[in-house]
Amino acid sequence: MPTTTTPADAAELIAATDSIAVPLGPGVPGQFLHALGAREAWDDLRVFGALLPDLYELFTRPGVSLRSGFFGPAERFLIAAGADVQFVPADFRRFAPALEQIAPRVVATAAAQPDSDGWMSLSLHAGASVEELKRAAADPARLCVVETSPSFPRTLGLPPEHRHALHVDEVDVIIEGDASPFELADAPASDVEQAIAAFAADFVPEGATLQTGIGGIPNTVATLLAERSGGGYGIHSEMFTTGLMRLCKAGKVTNDHKGEFDGFAVTTFAAGTPELYEWLDGNESVRFLPVDIVNSPEKISRNREMITINGAMSVDLAGQVIADTIGGAQFSGIGGHEDFIAGAGLELSDRSLICLPATTTVDGQMVSRIAGVAAAGSIVTTPRHQIDVVITEFGVAELAGKTVRERAAALASIAHPDFRAELEECGTRWPT
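First residue of the sequence shown? That's 544 in this note's numbering, and the numbers climb one at a time after it.
Treat the hints with care, as some may be off.
Said to hold, decoys possible - Computed beta-carbon distance windows for the label pairs:
no., residue 1, residue 2, range
1, ASP597, LYS677, 50 to 56 Å
2, GLY825, ALA964, 53 to 59 Å
3, ALA641, LEU701, 48 to 54 Å
4, GLU841, ILE922, 25 to 31 Å
5, PRO703, GLY871, 22 to 28 Å
6, PRO817, ARG771, 41 to 47 Å
7, GLN629, ASP660, 55 to 61 Å
8, SER694, VAL923, 21 to 27 Å
9, PRO616, ALA918, 21 to 27 Å
10, ASP597, GLY870, 22 to 28 Å
Unchecked claim - Here are the computed lysine-lysine pairs in the BS3-like style, where the Cα-Cα straight-line distance is at most 30 Å:
no., residue 1, residue 2
11, LYS677, LYS842
12, LYS795, LYS842
13, LYS842, LYS792
14, LYS945, LYS842
Note that these hints are calculated values from the structure, not bench results. Every residue, glycine too, gets a C-beta built ideally from N, C-alpha and C.
Based on the sequences and whatever the hints tell you, model everything.
Put into structure tokens, the structure is as follows:
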């Protein structure tokens, strides 16, 4: 039988020299991490995670380090404050073998409270940690810690193989908490985001299967589709968002002719508003599966008319996409960016859309996000040969099947007018 305890008592089970893994974002057991932060004496505590949903004092303590596979505002703040936070380059699917290789002594997650049969839904996150949680639970030398809360929705997997739940009898420690899920604000779309979303929505045919990434533009596309005519859509998306919920609530999602997962919207984690979490609670139309299934390019490609919608920091005239770094410094993470772009490039009817504003402001100066040549030190997230469509508020550049110079000309044409002539001239210098 597991030990049922408080966050503070659970924190005392961790040694001064130890290793802990927590899931990405909404799967983080937040009260457990806060309780660990109340302890000051650490020799070498190594924590593995991604996209922290809160600021945890733990990571400001001497002797504590964080190895993260995806940076968010919390990681960036901690780095600026001098914390030992380092990036581990890996796409989301590779988190699973990385965890297996590291084999941290403690694996912890957030979950819903046990149901009447003792099953604790993994709630808002399946991701890459499900199998490692089970391995830790089965190993007497390791600990599997589950922090429950009545505020976390009970979500479903696809049993029997992927139940998306742990039973109370198979874990070591249950923390009875009362944390609320991380809220991702649903900010109003800007005029630029609205313009980009309008271009992107025109690529979505009746009955398409959709993936939308993180950020304002993908969410705006989903909201726009909810308001337009058309429907019969399916959802196969790494992240389930408030925008996708709106699409479902508008009656536009049927999931009835996708492919392998007909009848269900599939995802590996969800983040959004409290309304989204309430809607997901007990919702049988949405199923959470491990990331190696959801982000598999082969499975993505089996969906009918797969349309993927993702963002970028910049795109150069070759079509190389920089999506997770700025000036070579880590800003976010790789996630499923390349997987969904690659998966939607294997069938003629599928399309992958990269959406970004044409400019940004640096030190008070307007800078083009369509670059002639990627700046020195830039780190490419997704290579040029994967890219299909790039969209800014000024139009659409379709790159698939075009020559190097044709691609450069197409990308220059959707840049801000102030930079267009310079980019067009740069494109003529590309080799044939």
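How the hints compare with the structure:
no.	hint	result
1	ASP597 with LYS677: 50 to 56 Å	violated (26 Å)
2	GLY825 with ALA964: 53 to 59 Å	holds (57 Å)
3	ALA641 with LEU701: 48 to 54 Å	violated (25 Å)
4	GLU841 with ILE922: 25 to 31 Å	holds (26 Å)
5	PRO703 with GLY871: 22 to 28 Å	violated (46 Å)
6	PRO817 with ARG771: 41 to 47 Å	violated (26 Å)
7	GLN629 with ASP660: 55 to 61 Å	violated (41 Å)
8	SER694 with VAL923: 21 to 27 Å	violated (40 Å)
9	PRO616 with ALA918: 21 to 27 Å	holds (24 Å)
10	ASP597 with GLY870: 22 to 28 Å	holds (27 Å)
11	LYS677 with LYS842	holds (25 Å)
12	LYS795 with LYS842	holds (23 Å)
13	LYS842 with LYS792	holds (26 Å)
14	LYS945 with LYS842	holds (27 Å)
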